[in-house]
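4 protein chains.
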Amino acid sequence: MDRLLKRCHIKNRLVKECLAEFLGVYILILFGCGSVAQVTTSQNTKGEYLSINLGFALGTTFGIYVSKGVSGAHLNPAVSLSLCFLGRFSWTRLPFYVVSQVFGAFLAAATVALQYYDAIFQYSGGEFTVSGATATAGIFSTYPADYLSLWGGIVDQVIGTAALLVCVLALGDVRNTPAPAGLEPVLVGAVVLVIGISMGSNSGYAINPARDLGPRVFSWIAGWGVEVFRAGGGWWWVPLVATCVGGLVGSLIYELVIAVHHPLPDMTKEVNMDGVQEENSEKPKEIPTAWQQVAL
Amino acid sequence: MDRLLKRCHIKNRLVKECLAEFLGVYILILFGCGSVAQVTTSQNTKGEYLSINLGFALGTTFGIYVSKGVSGAHLNPAVSLSLCFLGRFSWTRLPFYVVSQVFGAFLAAATVALQYYDAIFQYSGGEFTVSGATATAGIFSTYPADYLSLWGGIVDQVIGTAALLVCVLALGDVRNTPAPAGLEPVLVGAVVLVIGISMGSNSGYAINPARDLGPRVFSWIAGWGVEVFRAGGGWWWVPLVATCVGGLVGSLIYELVIAVHHPLPDMTKEVNMDGVQEENSEKPKEIPTAWQQVAL
Amino acid sequence: MDRLLKRCHIKNRLVKECLAEFLGVYILILFGCGSVAQVTTSQNTKGEYLSINLGFALGTTFGIYVSKGVSGAHLNPAVSLSLCFLGRFSWTRLPFYVVSQVFGAFLAAATVALQYYDAIFQYSGGEFTVSGATATAGIFSTYPADYLSLWGGIVDQVIGTAALLVCVLALGDVRNTPAPAGLEPVLVGAVVLVIGISMGSNSGYAINPARDLGPRVFSWIAGWGVEVFRAGGGWWWVPLVATCVGGLVGSLIYELVIAVHHPLPDMTKEVNMDGVQEENSEKPKEIPTAWQQVAL
Amino acid sequence: MDRLLKRCHIKNRLVKECLAEFLGVYILILFGCGSVAQVTTSQNTKGEYLSINLGFALGTTFGIYVSKGVSGAHLNPAVSLSLCFLGRFSWTRLPFYVVSQVFGAFLAAATVALQYYDAIFQYSGGEFTVSGATATAGIFSTYPADYLSLWGGIVDQVIGTAALLVCVLALGDVRNTPAPAGLEPVLVGAVVLVIGISMGSNSGYAINPARDLGPRVFSWIAGWGVEVFRAGGGWWWVPLVATCVGGLVGSLIYELVIAVHHPLPDMTKEVNMDGVQEENSEKPKEIPTAWQQVAL
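Chains as they are written, first to last, in the UniProt record's numbering: chain A, 1 to 296; chain B, 1 to 296; chain C, 1 to 296; chain D, 1 to 296.
Hints listed in this document are in silico derivations from the structure and should not be mistaken for laboratory results. One or more of the hints may lead you astray.
So the derived label-pair ranges between C-beta atoms look like this [as the list claims (entries may be wrong)]:
| # | chain 1 | residue 1 | chain 2 | residue 2 | range |
| --- | --- | --- | --- | --- | --- |
| 1 | B | 90 | A | 6 | 53 to 63 Å |
| 2 | D | 230 | C | 122 | 16 to 26 Å |
| 3 | C | 90 | B | 114 | 48 to 58 Å |
| 4 | B | 126 | A | 45 | 22 to 32 Å |
Residues from chain A shown here face chain D by an in silico Cβ test under 10 Å; the list is partial [said to hold, decoys possible]:
| # | residue |
| --- | --- |
| 5 | 48 |
| 6 | 53 |
| 7 | 87 |
| 8 | 114 |
| 9 | 145 |
| 10 | 153 |
| 11 | 155 |
| 12 | 180 |
| 13 | 183 |
| 14 | 193 |
| 15 | 198 |
| 16 | 227 |
| 17 | 259 |
| 18 | 262 |
| 19 | 264 |
The model shown is predicted, which means the values in this text are computed figures rather than measured ones. For every residue, glycine included, the Cβ atom is placed at its ideal position computed from N, Cα and C.
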């Protein structure tokens, strides 16, 4: 068996990375959207809003565990794009990562639909609707609350994704208080948890274009129809655009308020208080910027 | 006292391992089924669905802490079987592990029944039933939701157990982002938590043949009768068969998408980013595959 | 300031340890009983049963952080007693530890009563009762559910405390899968959490004689009267006696099923997989038994 | 991009620290008050009291990750003041830290108001009130429960902040059981969680003058008016004064009961059981007191 498997060995690094990003986002959405499906179709008897927050948080955690050693576990086009802007990820790889991420989310949405087919059918009476008492489109992608204005929604997603990037960059910044080796996935999951707890009610905290687009396309194809793009006054593009803007805003905030002020390279030794991390990672001699070690 | 205890020392490794698997599953089910008993008999006043998810998750965590250093803490025949298929656990030990696991689950179910005897009696009015308003068989083993078709149930268990194996293999893969030494039990518990949160409502996320069979046999003997096998259209075999299939599917997915593409052995040093793990475990010089270090 | 403080330096080791046990249990009960007070007096609007479980769990965690480096953080007479029976703690120190633990719990109960005085007064209308719709004695100590027989209660506490000891001994067993250095308090807290989730509804999971006796004596003095000893058919002695029995049972189970079968000392190196722990603790050359390193 | 950013490099250490304290408190309040806004405006459908506890806890955690490596992450004037009293932080820096903390909280409150503008408007019908059925001032700062007397409120805040300091000092005390390197932020967050669970119902557990004052000033300016200072019988000054008193009380308790009794410096080696921590931090040769290494 082991030998058979080894024949499938792929050497191309980009292909490996795309596979890892694909599986990472797949796991993220499988658990995330799965928890929404469970809460929705059980009518809050087998879970509550906090379960959904935990589903996406732990989905993120295990999505990262599955992929981080191979691809750096961006799992989010807004993250990949921010790293490109900051010059820490190559623009040429960006489209490959993004396509893999969206495709992973799409396939995971299909898996959730398969696993919850009976439940969704019974809950909705076979009517796959985007709004109304037994709407089920929200299992897959995000929709704004009735009260939310378009600008309110854009601001909501910009702030949410900016908060994500500030925290994630801090967790990976070896000159600040980095997460312990091997626990980064748990802590990034905790960031997603707290964003869901504190910024989830306006529009469902997409904070990730792939998380929203992949499942939305699936629900469009799978029977919810073109209404998934029309609902909320054509909401669908906000989680794609505003999250990318927010990612950049958050990266700039962390860089300008914290990272650029770190002591210069030759003083690194004095400042860095986490000696273990120092020894274990093969950091380049230049200033190690957050995310740099995993995301070339 | 210490001397008296030392007289009980057993040298046979397989016996030790079976004892460890037995106690591990015992702890898992004691806490897991105990939490269902608490929520059921207190009629949701002393817990909620999330408590049950936490009960099985932390049950798994401490089941692993109790046994991992001795037996590798499979605690699940679907895990043991998957490792055999992948050539990482010996077929000859498999039946011993499985019997120990099922027996641990059986005895734990008996303990839960003992601890909750008064509560179950009062809640059910002394009628031990499998269905109906005061059904209590669900304390011990899983039953499908009314709406679930047989194929839906099989798909549900295959997906759930596959997700378990993908995550667990990633957590143990030293060439990806392995869990920190000593925290693997917590993270595997977190996998069980998120599966319960996102895949629990269809059929109670058995994802473990021993977890389901042991307590089901106990409830059959202890007064719930043969109905425990008849209920849900003869549901009982699904958590046994579908979970094993799912375990294999998940193992193959992780191997094919991630593990087989890891750089070859002589490049290991360059790739592995977790130096601590490197030093502390006596890994063989050959490629260390996930689970290999604990499971022979 | 620093100089002034240093004048209070005490050299006697036993006194230091007693102070640490005192403060540890104080923190445990302050958070634990505090959470019951919050849920009770807010009538479940500012918390739920799970909050109480978390309150005692995190109370245990921080009680241990506050004391472990000094006294080993037993925080529980049933733990101290079990260690004496196993020959790992001195009988002569036992009474000092127990008195400190009970006194810490007593004073913490008084603090909770002080902090929640207005709330308890408003909730109960000034009537401090042990039973009835606005009973508040349950804030301080445990009482059995109406349906629970005396033997049922004894069995409940024996099983609960046995489960505690099995898990705690496993977490400290360097030849199994020990908790990472510095995270033992979190994991012992998690044991208390899962016991509360899975064994809390019968009689409130005392699993600790000091946790129950100290606050009960306080509530007797503070206005709830002698009824705190009479309620539940004279329940008060069960959390004292059954927990000690349970502690011993659990210790024996872990020793007989797991610990005594560990390879003999000269083989330790081969077996122990956690090299870090090895280096950091000054283990004696003899077989290191669980708890031994902290509890002499 | 990287070059452009590096031009903004600031060398003055105090300015850096103030920026870090600012961003740390900003993150704390953004998540903390955000979770209150979510629970309030969704009328408990997208969260519950436990969500608010988690929001402030994880807000604290990531506020610390964002700032600890630069400023020591006090994030709380009561903490800074206590350290000054104990001679571990300089009085001259105190006002700069406090102003940065309050300003961070103010700006975060403004961000929450921006993000939840539509939601608050819809929930309150456009009436920004401090009390009544659709009061929304509680999103920003704390108000006492109706039953709470002034002295009860003072006692509540003194006990809460004292508990915070006892636990935080223990977590940083290298001669006790210090939190593992890199996980201090998580554990301090857990302290805030358990305080919210066990001491939150009386007056909303401010336990931090900056957390309360900054958002209160914002709500005063932003439309809730001078009533935010008048409500609760002029409650506003209690979270400022009582928390500072409580911080000092807690520091003294930990010092007097635990820290001063640690063995003298030359015996440090024998006592300290956490060798890893030893090696990784450049501790001065004198006795390392809690917080000293980060908060000079």
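Do the hints match the structure? See the list:
Our hint of 53 to 63 Å for residue 90 of chain B and residue 6 of chain A is violated, since their Cβ atoms are close to 20 Å apart. The supplied range of 16 to 26 Å is met by residue 230 of chain D and residue 122 of chain C, whose beta-carbon atoms lie about 22 Å from each other. Judged by the Cβ atoms, the range 48 to 58 Å given for residue 90 of chain C and residue 114 of chain B is violated: they are separated by roughly 35 Å. The hinted window of 22 to 32 Å between residue 126 of chain B and residue 45 of chain A holds, with their beta carbons roughly 26 Å apart.
Against a cut-off of 10 Å between C-beta atoms, the interface hint on residue 48 of chain A holds, since the closest Cβ of chain D lies about 8 Å away. Here the hint on residue 53 of chain A is kept, as its CB sits about 8 Å from the closest CB of chain D, short of 10 Å. Proximity of residue 87 of chain A to chain D holds as hinted, the smallest CB-CB distance being about 5 Å (cut-off 10 Å). Evaluation of the residue 114 of chain A hint against chain D yields a violated restraint, the C-beta minimum of about 28 Å exceeding 10 Å.
For residue 145 of chain A, the suggested interface contact is upheld, since its CB lies about 7 Å from the closest CB of chain D, less than 10 Å. At about 9 Å, the closest approach between the beta carbon of residue 153 of chain A and any beta carbon in chain D falls short of 10 Å, and the interface hint on this residue holds. Because the closest C-beta pair between residue 155 of chain A and chain D is about 6 Å apart, less than 10 Å, the hint holds. Because the smallest distance between the Cβ of residue 180 of chain A and any Cβ of chain D comes to about 4 Å, under 10 Å, the interface hint for this residue holds.
Nearest Cβ of chain D to the Cβ of residue 183 of chain A: about 7 Å, under the 10 Å cut. The hint holds. Among the interface hints, the one on residue 193 of chain A holds; its C-beta lies about 7 Å from the nearest C-beta in chain D, closer than the 10 Å criterion. The closest approach between the C-beta of residue 198 of chain A and any C-beta of chain D is roughly 3 Å, which is under the 10 Å cut-off, so the hint is satisfied. Residue-level restraint check for residue 227 of chain A is violated (minimum Cβ-Cβ distance to chain D is 23 Å; threshold 10 Å).
Hint status for residue 259 of chain A: holds, given a least beta-carbon distance of 8 Å to chain D, under 10 Å. For residue 262 of chain A, the interface hint holds, since its Cβ comes within 10 Å of a Cβ in chain D; the closest pair sits about 8 Å apart. Because the smallest distance between the Cβ of residue 264 of chain A and any Cβ of chain D comes to about 8 Å, under 10 Å, the interface hint for this residue holds.
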